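Trainee: Each chain, letter by letter, is given below.
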Amino acid sequence: MMPGLVQILLFQGLGELITHFFLPLIPGPVVGLILLLGFLALRKGVNASLDEVATVFSQHFGLLFVPAAVGVVMFWPHLKAHAVAIGAALLVSVVLTIAVTALVLKGLSRGSGK
Amino acid sequence: MNAQTPAFPNIHEIWVYLSGSPLLALVLTLGAYQLGVIVYERANRHPLANPVLIAIVLVAATITLIDMPYSKYFEGAQFVHFLLGTATVSLAVPIYKGLGAMRGRILPLLAALLAGGLTSIVSAVGLARLLGADSAIVGGFIAKSVTAPIAMGIAERIGVSPTLTAVFAVSTGILGAVLARYVLDLVRSREWWQRGFAIGVAAHGLGTSRAFSVNPEAGAYSSLAMGLHGVLGAVLIPLGARVFGF
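Keeping their order, the protein sequence lines are chains R and S. Sequence positions in the first sequence follow the numbering used here and run 1 to 114. Sequence positions in the second sequence follow the numbering used here and run 1001 to 1246.
Keep in mind that a hint or two might mislead.
If you only want the chain S side, here are some residues facing chain R, beta carbon under 8 Å, derived [as the list claims (entries may be wrong)]:
{"id": "1", "residue": "1060"}
{"id": "2", "residue": "1095"}
{"id": "3", "residue": "1137"}
{"id": "4", "residue": "1230"}
Straight line, CA to CA, 30 Å or less: simulated BS3-like cross-link-like pairs of lysine-lysine [stated by the list, open to error]:
{"id": "5", "chain 1": "R", "residue 1": "44", "chain 2": "S", "residue 2": "1072"}
{"id": "6", "chain 1": "R", "residue 1": "80", "chain 2": "S", "residue 2": "1072"}
{"id": "7", "chain 1": "S", "residue 1": "1072", "chain 2": "R", "residue 2": "106"}
The set of hints was computed from the structure by calculation and includes no laboratory data. Small disclaimer: the values here were computed from a predicted structure and weren't measured. Even glycine gets a Cβ: it sits at the ideal position worked out from N, Cα and C.
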């Protein structure tokens, strides 16, 4: 598990460096993800240790959102005056976005015979 | 005996120590999440019993109850928050594993991403305007389907509030994670890769965590959608903002 974790942290650090110096708009972890993806494509494989770490992270990805999301919930009362407009916009928009994305995928992949 | 005092140390002193260290926030965060997972498993992974949502509500209620300011809580919880970046990097692994199957699907995926991304912006901004929200709030909706850290960067770039954008992004993620199954069933989306991609486009990280808990293929496609939406959004949304002037 440790070699995989170190590998991921290295790519995260590399991503942060690139973000800091060249790409201020894309966060470091996203740059790190792209670099790691490129590295895996070059190496043509995932080693067991890296796979193990990635599995743990993907299974508990949600936990890592809790600290930030608690701040969001604490912020909601500030939006009370606009609650209806905001709630409706968020709700309708997320439903439509999921539906449209799924329908386009279904329509286009049926056409290509898959 | 007069050993009473050392045997019973003042509880309030311990309490002060605990709340002054990261331990309380960490135990609270992990404990609430663990409870959420137990409930989620008991409920057969029902989308309404979302473990993250349960954890968020428990933590928010607890720190309100014990009068702990959010900034104090976050001082401790930042260790968990930091790992969000590390976990994001590690999403390269499930994406890489799904790459072979994705190759033949890249055009439908990109078309769906563009359609979904546009729908997200137009529907939220349009409806909020229609319902009379002021322009500061409307601006916060523009980047809300992009994963929060990228969304905040986009918000700064197009001159709208990063805080509102982050609040709307995280709220969207929660709503999407809870509602996706119903919407996807309604439009009769059956393939895991399509369902996963749709949830990732609409509800980024929180949607992805739900997708992984349901099916690994859905999780991989959801991470891919989140990553692509983030990168394309960071380029196209500021460009669109300049052209259309919203």
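Trainee: Can you list which hints this structure breaks, lowest number first?
Mentor: 5, 7
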